[in-house]
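Q: The residues making up each chain are set out below.
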Amino acid sequence: DAKTTQPPSMDCAEGRAANLPCNHSTISGNEYVYWYRQIHSQGPQYIIHGLKNNETNEMASLIITEDRKSSTLILPHATLRDTAVYYCIVRGHDNTGNQFYFGTGTSLTVIP
Amino acid sequence: DSGVTQTPKHLITATGQRVTLRCSPRSGDLSVYWYQQSLDQGLQFLIHYYNGEERAKGNILERFSAQQFPDLHSELNLSSLELGDSALYFCASSVGTSGRYVDTQYFGPGTRLTVL
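Protein sequence lines correspond, in order, to chains V and U. In terms of this note's numbering, the first sequence has 37 at position 37, counting the first letter as 1, and numbering is strictly consecutive. In terms of this note's numbering, the second sequence has 85 at position 85, counting the first letter as 1, and numbering is strictly consecutive.
I should point out that these hints are in silico values taken from the structure, not numbers from a laboratory. Every residue gets a Cβ at the ideal spot worked out from N, C-alpha and C, and that includes glycine. Take the hints with a grain of salt, since some may be wrong.
Here's a subset of chain U near chain V, in silico, CB distances under 7 Å, partners left out [claimed, not checked]:
#, residue
1, Tyr33
2, Gly42
3, Leu43
4, Phe45
5, Phe107
6, Pro109
7, Gly110
8, Leu116
Here are the computed distance ranges between Cβ atoms for each label pair [said to hold, decoys possible]:
#, chain 1, residue 1, chain 2, residue 2, range
9, V, Lys52, U, Arg63, 31 to 37 Å
10, U, Ser27, V, Thr26, 34 to 40 Å
11, U, Asn77, V, Ile39, 25 to 31 Å
12, U, Arg63, V, Lys3, 26 to 32 Å
Listed next, the stretches of chain V that the computed footprint assigns to chain U, with coverage defined by at least 3 CB atoms under 8 Å from CB atoms of chain U [as the list claims (entries may be wrong)]:
#, segment
13, 42–50
14, 98–109
In isolation and in its complexed conformation, chain U is listed as follows (with noise of 0.2 Å):
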């Protein structure tokens, strides 16, 4: 156990509609990074939060957006869904300090969304 928690373990929706992950990182850690892990694509890095702040974007579509919140826990909303947005999207937490340094990722379980 990573100490990482994602909600919903599983999410099945249909083309068209929206829907919210939900992180929350382990205690204590200021970094929050959103990865999505597809069939053909392996694991691809979306975003990084650090104490509310975003810090890093990679590949991530404009209808998929991301935050994090005072709390620190950190939700990405994906929107005008597509097939090929099925994936397992993985969150991961790190101390993070003032983002000079690289510091270890723990991984979530995951959420695993499928789009009908």
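Bound-form chain V, shown alone (with noise of 0.2 Å):
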């Protein structure tokens, strides 16, 4: 799988859009990005995916630049109970399974 590297921490101001960076320079074609958050102890929970194309959902945006190298994770307006460590994770399938491998993530504090 693609290894990814993201910031170890990131600040964001209450009602602004929180930018999350992703770098994943060896993705490979058929490889997605998975974005996953956790809120202090709780389970991980599913953000958004994509292969290519931008995506948009009820929570966020992900944008994939062209050359599939990096992406971002837009939440629009940013509130405190999004405050949590985001995973970005890029997996295709193989035939060692469909299993996740996580990283450190980064953790995202939202200040009033």
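Two chains, two frames, some hints: make the complex.
A: Here's what the structure looks like:
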């Protein structure tokens, strides 16, 4: 699987957009970009995923660069409840299975 | 609420003991995954079952075993427990077609295991 690089921590003012970057320069053609978050010690929560095109759902937007070597997760109007560790995962199916490999993620703090 | 349930929420036990953690996947999901999260290791994949069959193993110790039953719930058995086994244990489920595609995993709330 392609490795990902994320900044260890970020701050964002409440009500502003939070832009969380992820580098995945070794991504291959069949690998998807997934984003999860973990609030305190709760179970990781699925946010969004994409292959090539930008994606948007009720939680966030995912912008993937044309060369697919990096992506940005955008939380359009951050709230205090968005304070969490955000994980960017790149995964494609191979003969090792479908499990996810979580890195250290970005700890996002939303400031009032 | 992801639809994945795990019991118990908390478990406190002593070294050398054996415990069983239980996971019920979302309705219709055939795949179950187990992950361990300890303070110094982050989230680590342990094992994946698809429709009752083991599909992949990660860094799972020989003292640990799992199974998935015909009703698709899964159990993770941890034996000869050591202090270092104290961790959060998460179960995730996914639709899991034939294993040919990566599909979205939905995580349960976890079981916090404390070994004294």
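Q: Determine for every hint whether it applies to the structure shown.
A: Do the hints match the structure? See the list:
1. Annotation: U:Tyr33 was flagged as interfacial toward chain V, and the flag holds, the nearest CB pair being 6 Å apart, inside 7 Å.
2. Checking U:Gly42 against chain V: minimum C-beta separation of about 6 Å stays under 7 Å; hint holds.
3. Interface hint status for U:Leu43: upheld, as the beta-carbon distance to the closest one in chain V is roughly 4 Å, under 7 Å.
4. At its closest, the beta carbon of U:Phe45 sits 4 Å from a beta carbon of chain V; the interface hint therefore holds under the 7 Å criterion.
5. With a cut of 7 Å, the hint placing U:Phe107 at the interface with chain V holds, because the nearest CB-to-CB distance is about 4 Å.
6. The interface hint given for U:Pro109 holds, since its Cβ lies 5 Å from the closest Cβ of chain V, which is under the 7 Å cut-off.
7. Hint on U:Gly110 holds. Least Cβ distance to chain V is approximately 5 Å, under the 7 Å limit.
8. At its closest, the beta carbon of U:Leu116 sits 19 Å from a beta carbon of chain V; the interface hint therefore is violated under the 7 Å criterion.
9. Distance hint check for V:Lys52 and U:Arg63: the Cβ-Cβ separation is about 43 Å, which falls outside the suggested range of 31 to 37 Å.
10. The hinted range of 34 to 40 Å is satisfied by U:Ser27 and V:Thr26, whose Cβ atoms lie roughly 37 Å apart.
11. Taking 25 to 31 Å as the suggested C-beta distance range, the pair U:Asn77 and V:Ile39 conforms, at roughly 29 Å.
12. A C-beta distance of roughly 30 Å is found between U:Arg63 and V:Lys3, which places it inside the suggested range of 26 to 32 Å.
13. For a cut-off of 8 Å, the count of residues in the segment 42–50 of chain V with a CB near a CB of chain U stands at 6, and the three-residue condition holds.
14. Residues of the segment 98–109 of chain V with a Cβ under 8 Å from some Cβ of chain U number 7, which satisfies the need for three, so the listed coverage holds.
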